[in-house]
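We have chain A already, so just place chain B on it with the hints.
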Amino acid sequence: MEQAHEEEIMRITAEFIAEQEAGRKPRLEEYVRRYPQYVDEIADFVTYYYAVEAGLPTDTSSVPSLSAGSRAALDLAWERVTEPLAENSLTLATLARRRRYTLTRLAAALDLSEDIVAQLARRQIEPETIPHEVLLRMSRVLSQSMNIVRQALGLPELPSTPFLAEERAVYHSGLPSFSEALLASQQLSAAQKERWQAVLESEDL
Amino acid sequence: MEKDIGQAGDDVFQEAAFQARRARLAGLYRTLPPYGSAEFWHLLERDEEAQTLPLEVLVRVLREEAMARGDTQAQRRIFAVIIARLQCSNEQWIHAVLSGERLLSGERQALAADLYADLCEQLLRAFLDPNQRFWEEAFHHCLRFARRHVYKSFMSREGYWRKTTSGPGQRIPRTLLESLERVQREKKREDEWDVPDERAEQAFLLVEQKEIAALLSRLPVHLRTVVWLVFWEDCSMKRVGELLGISDRTVRNRLRAALAQLRRVLVAEQEVVDGASA
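Protein chains in written order, with this note's numbering: chain A, 1 to 205; chain B, 1 to 278.
The following block holds chain A by itself, in its conformation from the complex (with noise of 0.2 Å):
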């Protein structure tokens, strides 16, 4: 959503609320009419306002000490935000590790096992294999871009045209590719095989 957009939305939805903290029962009929362009922005925001923000405090008048908790993550937000990730240490261990996942967590939100991830994070997989799925879910699961991903799995930046199939082999460098490897994994399940097979064959690899 671009800036000044979001922010006339936001303006919109602060009057809501206004009248909501006020005890004036805002009705979301109302703003409907007034701001049909803003439909679904503003039902969305006010649908997710009364099921997770309404009744908390909104007092910040203290300055208590910092738990153990908010220091973890102010410290975790910093390094995110002001240390960039240097070209050289772009593994996937140190992406997981800005997002607080451990092997087993990253499998999991993979849908993959810790040995296949394992070897991912080594480089032990013939990088030109695995398919665009797996790059896809790192992306979302580790909020990085496509880019990042792919460098810390060995992979070149994204190519402005697609590969061939015939042009993969050309990459091809001893290393087991990811459906040997998903073959030879003793802890993916036989329907996380499956899974993965699917994609495999949808994805001509």
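Hint data in this document are derived by calculation from the structure and do not stem from the laboratory.
Check before you lean on any hint, since a few could be wrong.
Far from chain A, by Cβ distances over 12 Å, these chain B residues were calculated [what the hints assert, rightly or not]:
{"id": "1", "residue": "30"}
{"id": "2", "residue": "36"}
{"id": "3", "residue": "37"}
{"id": "4", "residue": "256"}
Think about it this way: if two alpha-carbon atoms lie no more than 27 Å apart in a straight line, the pair counts; the simulated DSS-like pairs of lysine-lysine are [what the hints assert, rightly or not]:
{"id": "5", "chain 1": "B", "residue 1": "152", "chain 2": "B", "residue 2": "210"}
{"id": "6", "chain 1": "A", "residue 1": "25", "chain 2": "B", "residue 2": "210"}
{"id": "7", "chain 1": "B", "residue 1": "210", "chain 2": "B", "residue 2": "238"}
{"id": "8", "chain 1": "B", "residue 1": "152", "chain 2": "A", "residue 2": "25"}
{"id": "9", "chain 1": "A", "residue 1": "25", "chain 2": "B", "residue 2": "238"}
Part of the chain A face toward chain B, derived, beta carbon under 10 Å [what the hints assert, rightly or not]:
{"id": "10", "residue": "45"}
{"id": "11", "residue": "59"}
{"id": "12", "residue": "70"}
{"id": "13", "residue": "78"}
Ideal Cβ positions, reconstructed from N, Cα and C, are used throughout, including at glycine.
Chain B only, in chain A's frame:
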């Protein structure tokens, strides 16, 4: 788009309120002690002084003083003050987000820490972006938007994770869904015959606002709006159709689709629960 007189009046009133607030905050900013002085830090960090300094002013100080001077140490110090002042609110927000989730205690702790770190990151990025001016006017409202953003990303990420591991999702109270379905049936009759129905109203009143909002968060927003207007605000289907520029029939179809979708989630969840207890 043309505005009616009532709306124009509301807008003027709203703008006047914003202007008054902006002027008050600007006044407070101007009267701050010299940047970096002991008095300055005392005002920011001492508990008994903090209540006089709105968070909007702190964001402005961070941007116009610490950032403008490239003083990263001060940026971090001011950020820490803001996080400390929000600590109680943020911790309760995390609790509210995770309260509907069935989680093991270790898992809950890990997810809470993730959420907190994501939230702090979102806040820090916003504070360091001088284009996000509204933080300097309405901090708490911006905070709600920032938290909503984190909540959505988190739910999308963790929802996916939970789905792939077949774990249970958020609890949907069956009685709540049944209430909605009952109201829908009554509403349909009411709309057809235009007769108010006390039973429908009673059923509707049983539904807690928080629960209904949490339930609706699971629906696509175009379905959510219709359900909210009909069930929570008691609008007729005809009125909802007029407001949204769609036919009564589309309203009815959206309601049906919404309830079917919620029913599917409930059934899937019940299967998980049954499976776990078998």
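Structure-based check of each hint:
No beta-carbon of chain A is positioned within 12 Å of the beta-carbon of residue 30 (chain B); the least distance is around 21 Å. The beta carbon of residue 36 (chain B) sits about 18 Å from the closest Cβ of chain A, which is more than 12 Å, so the claim that it is off the interface holds. No Cβ of chain A comes within 12 Å of the Cβ of residue 37 (chain B); the nearest lies about 18 Å off, and the non-interface call holds. With a cut of 12 Å on Cβ distances, residue 256 (chain B) stays outside the contact zone with chain A, its closest approach being about 19 Å.
Proximity of residue 152 (chain B) to residue 210 (chain B) is assessed by CA-CA distance (about 17 Å); at most 27 Å being required, the pair is judged to hold. About 14 Å separates the Cα atoms of residue 25 (chain A) and residue 210 (chain B), which keeps this hinted pair within 27 Å; it holds. A hinted pair counts as satisfied when its Cα atoms are at most 27 Å apart, and residue 210 (chain B) with residue 238 (chain B) qualifies at roughly 26 Å. Annotation: proposed proximity of residue 152 (chain B) to residue 25 (chain A) holds, straight-line Cα distance about 26 Å (limit 27 Å).
Under the criterion of a C-alpha separation no larger than 27 Å, the hint pairing residue 25 (chain A) with residue 238 (chain B) is consistent with the structure, at around 23 Å. Proximity of residue 45 (chain A) to chain B holds as hinted, the smallest CB-CB distance being about 7 Å (cut-off 10 Å). Of the supplied interface hints, the one on residue 59 (chain A) holds, with its beta-carbon coming within about 8 Å of a beta-carbon of chain B, less than 10 Å. Interface restraint check for residue 70 (chain A): the shortest CB-CB distance to chain B comes to about 5 Å, inside 10 Å, so the restraint holds.
The interface hint given for residue 78 (chain A) holds, since its Cβ lies 6 Å from the closest Cβ of chain B, which is under the 10 Å cut-off.
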